[in-house]
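Trainee: Sequence:
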Amino acid sequence: MVWFMTLGDTAATMAATDPRAQAFGYAQRRSWVFVAWWYGATLAIPGAVDAGLSGLLGQDPERGIFMMIFGAVGSALGWLLTLGVRFSRKLPKPASDIPRVEQSIRINPSVIRFSVIGAVLIAAGLVLFTPNGRSPQVLPIVGLIAAAQLSIAAGVAYSGWLLKNSAELYSRWLERR
Numbered sequence: 002m003v004w005f006m007t008l009g010d011t012a013a014t015m016a017a018t019d020p021r022a023q024a025f026g027y028a029q030r031r032s033w034v035f036v037a038w039w040y041g042a043t044l045a046i047p048g049a050v051d052a053g054l055s056g057l058l059g060q061d062p063e064r065g066i067f068m069m070i071f072g073a074v075g076s077a078l079g080w081l082l083t084l085g086v087r088f089s090r091k092l093p094k095p096a097s098d099i100p101r102v103e104q105s106i107r108i109n110p111s112v113i114r115f116s117v118i119g120a121v122l123i124a125a126g127l128v129l130f131t132p133n134g135r136s137p138q139v140l141p142i143v144g145l146i147a148a149a150q151l152s153i154a155a156g157v158a159y160s161g162w163l164l165k166n167s168a169e170l171y172s173r174w175l176e177r178r
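Each residue of the sequence shown is one higher than the one before, starting from 2 at the first, in our numbering.
Derived by calculation from the structure, the hints in this document are not laboratory data.
Predicted, not measured: the structure shown is a model, and the values here were computed from it.
Possibly wrong hints are sitting among the right ones.
As the list claims (entries may be wrong) - DEER-style ranges, computed between Cβ atoms:
| no. | residue 1 | residue 2 | range |
| --- | --- | --- | --- |
| 1 | 104 | 57 | 41 to 47 angstroms |
| 2 | 165 | 58 | 36 to 42 angstroms |
| 3 | 172 | 125 | 43 to 49 angstroms |
| 4 | 53 | 175 | 27 to 33 angstroms |
| 5 | 111 | 87 | 25 to 31 angstroms |
| 6 | 58 | 129 | 40 to 46 angstroms |
| 7 | 94 | 63 | 41 to 47 angstroms |
Quick reminder that beta carbons are idealized off the backbone N, C-alpha and C, glycines included.
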């Protein structure tokens, strides 16, 4: 019989022996629970910005209101679907890909910076370099795009914070459990 290890077997073996695997697994579970409702919020927040700017500029805020409602419903559904996991006292599954978690911790700050700078550049580019960029009809859309980008950056920042502080968060969770 021939025995050989695949890359997946190596990662599983490393995760089983890495003492951080359980804490990273807890952080990944919390991140998944957060993202389940935050995806809806990434629609509701830009919708609120769009509706607010449209209303301030005397335009129809219908598009923004629709996005707010759609996002709020999606967020509420995500929150409800994760109730069991959200309040679980069950030990989390250990993280199975520690190198990927470490990579995420390393690159998240750059992704956030890129996203924030991108939001500013996209908004400025639309306002300055498009024919109707400064017209009142375009400003709510510019705000919507910038708010969407910043909402995504905020979600990435929080997920990264969970991973970075996983050991402390996991030990506090174990004490409360």
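Trainee: Hint by hint, say whether it matches the structure.
Mentor: So, going through the hints one by one against the coordinates:
In this structure the supplied range 41 to 47 angstroms holds for residue 104 paired with residue 57, their Cβ-Cβ distance being about 42 angstroms. A C-beta distance of roughly 40 angstroms is found between residue 165 and residue 58, which places it inside the suggested range of 36 to 42 angstroms. Look at residue 172 against residue 125: about 44 angstroms separates their beta carbons, and that is inside 43 to 49 angstroms. Evaluation of the 27 to 33 angstroms hint for residue 53 and residue 175 yields a failure: the beta carbon distance comes to about 43 angstroms.
Checking the proposed 25 to 31 angstroms range against residue 111 and residue 87 shows it holds: the Cβ atoms sit about 30 angstroms from each other. Between residue 58 and residue 129, the C-beta spacing of about 18 angstroms breaks the proposed range 40 to 46 angstroms. Judged by the Cβ atoms, the range 41 to 47 angstroms given for residue 94 and residue 63 holds: they are separated by roughly 44 angstroms.
Violated hints, listed in ascending order, are 4, 6; each of the other numbered hints is respected by the structure.
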